[in-house]
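Enquirer: Counting with UniProt numbering, you get residues 1 to 717 for the letters of the sequence shown.
FYI, nobody ran anything at the bench for these hints, they're computed from the structure.
Every residue, glycine too, gets a C-beta built ideally from N, C-alpha and C.
There could be a bad hint or two in this list.
Quick list of in silico lysine to any residue cross-link-like pairs, SDA-like style, CA-CA up to 25 Å [what the hints assert, rightly or not]: (1) Lys516 / Thr457; (2) Lys328 / Ile288; (3) Lys339 / Glu295; (4) Lys92 / Arg111; (5) Lys301 / Leu284; (6) Lys279 / Lys353; (7) Lys669 / Ser613; (8) Lys292 / Ser245; (9) Lys23 / Asn70.
Computed Cβ-Cβ distance ranges for the label pairs, DEER-style [said to hold, decoys possible]: (10) Ser687 / Gly578: 41 to 49 Å; (11) Ser429 / Ser649: 15 to 23 Å; (12) Glu312 / Asp71: 48 to 56 Å; (13) Asp606 / Gly578: 18 to 26 Å.
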Amino acid sequence: MGLVSVETTGNDLFSLGYGKIVKCDEAKGRVGYREGEMVSLLCIGTSVMNDSVISYSYIVRVMQFLNEMNDGERDELCLVLRVLSLRVRVCKVYGLWMSSEDGCVFLVCERIDGDLGKKLDELGNGDVEENGEMKWAMPSFAMVGMELCEALASLHSDGLVCGSLAMSCFSFDCFGRGFVNPNEVLVLGRRVRKCIAEFAICGSQRSNDSKTETIFHDLLELRAFVSPEIIIKLLHVEGVIQDLSSLECVVGYSSDVWSLACNLVSFIVGGSVSEELCKTLYHLISEIHEEKFIEFMELYKGWVERVCSTLEVSLGSELVSLRQILSKCLEFDPGCRPKVTDVWKCIRELLVKPHIDILNSVHSLGSIEDMIHCLTLGNLCDTPKESDMESRRQDEFDLQGINGAEQQTGVGKIETGLVEGLRLGKFESVDLQGHLDCITGLAVGGGFIFGSSFDKTVHVWSLQNFSHVQSYVGHEDRVMSVVFVNATEPLCISGDSGGGICVWSIGVVLGQEPLKKWYEQKDWRYSGIHALAVSGTEHLYTGSGDKSIKEWSLRDYTLTCTMNGHKSVVSSLAVCDGVLYSGSWDGTIRLWSLSNHNPLAVLGEDIPGNVASVLAISVDHDMLAAAHENGCVKLWKNDVFSSSIETQSGAIFALDIKEKLLFLGGRNKTVDVKEISGDELHTDTRSIGSIASPQNPAGKVVIYLVEGESLLPYCST
């Protein structure tokens, strides 16, 4: 959903926060919210994706939070979002919003300021009886009571049951229409669950009246009413009651009818009388035992009789039907209670007599025959624990193991481990130092990582313990690129801006001198080598400042072919599936056949817009990505232009595609991670997160480890 400005936050998981929508997204037409609208915020958990290395994007953090929910939690959340987003007489649920500061994920709900407490204050019109109780006007009570019934019936029409109700669960708009507030219902359900859990922990002390009153203090203050069957169910969950077979505890719509009736009784009797009835009810909880259920029933019947007597005093002899239906709503057996529509009809008769009521035959809101879900008994009212979620994440991490850094790392492992590591969200970083100037390229293979630099050297680090192993000194100019050849006798090849090419032996003992060194012929007007690529163990390709691409044999290191076509420096090369890809400062990418060196296609020259130099390319089977000097990244699928990504971070110097992930590194010293999706006609990308470069001096290599096994090399310039 849109952006939310938080005005007040709940002190804990048992209170609501409040705010307003300050920015709408494209979903506003669907759910009907608007900028400036007031909302309530219920915390449903915390996203723990706060790795010290990678900063995950907002969407990824929310999606990961949802992914970490168990099936029951996720299904319930989907039900609430689906059912309550457009339901009338229920405050609309707009969606989820996450605070970027602490990662707390909120359920965002429409907020209507008119609460039931204010309406009750209006009923007495300022008049107070001699005993201090509030006078209430019957027409006002009837109007409020009907609104409560209609709001509750609307919720029931989608198969949802509150399970517990208090005055705070209802709101009234400017026209006096009543609404159920789902967030208030859920936070009340959490308080109920918390009180029952504390009550169960008290054990032998639960017969102590003062202790019981202390435990249920919050519910007493709110005048919250929970039906007997809900309480019995929760006591069973907490282990206080072992066997439910002998108890009548079927949860359904009648559970809300019981709670509604208690609220209506509270309206009528008011003040201290209502408070005393509520206290007595909660003291009865300590008497619920399987072996003493008959005694509990006697006490419960006594409480109901006391309520009926109080009603008789308040209502007198004229409103017998109202007193009778409210008394019937308090039956212990849920099957004996009337429907909420019956309560509505009875209250309506206080305003309009049946014989003159032209709408008497009109059926009010119905409900699904079988209840789908009770909110108080659901997962959203089961207090979310951040420690539990962190524990699950840690378990996943431990199962993967973190000893991969002690193993030899190959190219194949990098791809799979990198993607999986991003999903799990566990990173480690290691700083590899050695270079004295800007690093121009990195290569991984043979258990080593190789770095080329403007300092005219190639440095080698071990992947076993990340120690510095060797410095290759042999170039006379800036080393612009480095590649690894995974042959029987592994090789490292580097090229410099003067046209020099050095081949280094990688064996048990690293060579001190180049195995082979030669220079490509070039015009003095042009710079030397800008890019290198290899095709298996047979050929080396160089991209040069003279606009050409040269193929060299790795058997005898002779020039076998020169490919021309670019109009400026060839800045990047890549090989995939028998095709050589070349990117140039002329803004195009050319495709060449590796078998006969024929040009296959030219990409980018027909795309409208200013021409920007191609600085880097990456290929993953049918997907090609090209990074440009102006910060634009263009994507092709099956050699057809698919989409363009406009970044605000300046030039992109490096990029890489791993499966469906795109990594971008540029002038802002940050690696941006994006996920690629789409079909044959169009490709979409969404931000996964970013990896910020430490404030390090030029010449330090920063290697990001995913699950301690796979590498995302990143060089700092």
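Enquirer: Holds or violated: lysine 669 with serine 613, Cα cutoff 25 Å?
Expert: This hinted pair holds, its Cα atoms lying about 19 Å apart.
Enquirer: For lysine 279 and lysine 353, compute the direct alpha-carbon distance and say whether it is at most 25 Å.
Expert: Violated - the C-alpha atoms of lysine 353 and lysine 279 are around 36 Å apart, more than 25 Å.
Enquirer: Between lysine 292 and serine 245, does the CA-CA distance stay at or below 25 Å?
Expert: holds, 15 Å
Enquirer: Between lysine 92 and arginine 111, does the CA-CA distance stay at or below 25 Å?
Expert: holds, 8 Å
Enquirer: In this structure, is the beta-carbon distance linking glutamate 312 and aspartate 71 contained in 48 to 56 Å?
Expert: Since the Cβ atoms of glutamate 312 and aspartate 71 sit about 50 Å apart, the hinted range of 48 to 56 Å holds.
Enquirer: CA of lysine 339 to CA of glutamate 295, is that 25 Å or under?
Expert: Answer violated: lysine 339 to glutamate 295 is near 28 Å, above 25 Å.
Enquirer: Is the hinted pair lysine 23 and asparagine 70 satisfied, with a Cα-Cα distance of at most 25 Å?
Expert: violated, 31 Å
Enquirer: Given the hint that lysine 301 pairs with leucine 284, does the C-alpha gap stay at or below 25 Å?
Expert: holds, 11 Å
Enquirer: At the C-beta level, are aspartate 606 and glycine 578 separated by a distance inside 18 to 26 Å?
Expert: Holds - the Cβ-Cβ distance for aspartate 606 and glycine 578, about 24 Å, lies within 18 to 26 Å.
Enquirer: Compare the distance between the alpha carbons of lysine 516 and threonine 457 with 25 Å, and conclude whether the hinted pair is satisfied.
Expert: Holds, at about 16 Å.
Enquirer: Just to be sure I understand the hint, the distance between the Cβ atoms of serine 429 and serine 649 should be within 15 to 23 Å; is that true here?
Expert: holds, 21 Å
Enquirer: If you draw a straight line from the CA of lysine 328 to the CA of isoleucine 288, is it 25 Å or shorter?
Expert: Satisfied, since the Cα-Cα distance of roughly 22 Å is no more than 25 Å.
Checked against the numbered hints listed earlier, the structure breaks hints 3, 6, 9 and 10; every other hint is satisfied.
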